[in-house]
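Enquirer: Sequence:
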Amino acid sequence: MNGEELQERARARVEELPGAVLEYPFGPEWEVFKVRGKVFLLMTDVAGDPMVTLKADPEDSKALREQYDAVTPGYHMNKKHWITVHPSEDLESQLIDDLVTDSYLLVVANLPRAKRPVDPATFGQDDRRGAAGMPPEDTERSIRQG
Numbered sequence: 657m658n659g660e661e662l663q664e665r666a667r668a669r670v671e672e673l674p675g676a677v678l679e680y681p682f683g684p685e686w687e688v689f690k691v692r693g694k695v696f697l698l699m700t701d702v703a704g705d706p707m708v709t710l711k712a713d714p715e716d717s718k719a720l721r722e723q724y725d726a727v728t729p730g731y732h733m734n735k736k737h738w739i740t741v742h743p744s745e746d747l748e749s750q751l752i753d754d755l756v757t758d759s760y761l762l763v764v765a766n767l768p769r770a771k772r773p774v775d776p777a778t779f780g781q782d783d784r785r786g787a788a789g790m791p792p793e794d795t796e797r798s799i800r801q802g
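Read left to right, the sequence shown gives residues 657 to 802 (this note's numbering).
Read the hints as simulated data drawn from the structure, not as lab findings.
Each residue gets a CB set at the ideal place from its N, CA and C atoms; glycine is no exception.
Please note: incorrect hints may appear among the correct ones.
Restricting the straight-line Cα-Cα distance to at most 27 Å, the calculated cross-link-like pairs of lysine-lysine (BS3-like) are [as the list claims (entries may be wrong)]: (1) K694 x K718; (2) K718 x K736; (3) K718 x K690; (4) K694 x K736.
Distance ranges between label pairs, derived from CB positions [claimed, not checked]: (5) E745 x A777: 28 to 36 Å; (6) A719 x S749: 15 to 23 Å; (7) A703 x A770: 38 to 46 Å.
Using the sequences provided together with the hints, build the complete structure.
Expert: If you want it as structure tokens, here you go:
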């Protein structure tokens, strides 16, 4: 998966997530995706290298870094809780979808219950790409630019 495909795939998955918002707090070169004001994904290019930075469980983060050369500690982020994914032929679309979803759910799980756009315990259980248990009108939300 090349850099453009990596970022397009991550962006496409984010568009399926309820409450996801795109902002540019660090300038036009940094796409920052948030849910209820909390960051769960960043995208940029550094020296021509497109990358996607996501929140990750520390144990999962370690395992991913060991399994994939393209996964490194989070660029300019807390290295324990964030990972950066670089382009690589070893990456599959489903992995990117799962990493984006997991990052989103880690943030949602730490929101006050009343602010959660989905239940992190049940969201996507039947289909990682679907919004299981969500009313149909909630599954078709697109990203608002903030």
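Enquirer: All the hints need checking, so say for each whether the structure fits it.
Expert: Evaluation of the provided hints:
{"no.": "1", "hint": "K694 x K718", "verdict": "holds (23 Å)"}
{"no.": "2", "hint": "K718 x K736", "verdict": "holds (8 Å)"}
{"no.": "3", "hint": "K718 x K690", "verdict": "holds (24 Å)"}
{"no.": "4", "hint": "K694 x K736", "verdict": "holds (17 Å)"}
{"no.": "5", "hint": "E745 x A777: 28 to 36 Å", "verdict": "holds (35 Å)"}
{"no.": "6", "hint": "A719 x S749: 15 to 23 Å", "verdict": "holds (20 Å)"}
{"no.": "7", "hint": "A703 x A770: 38 to 46 Å", "verdict": "holds (43 Å)"}
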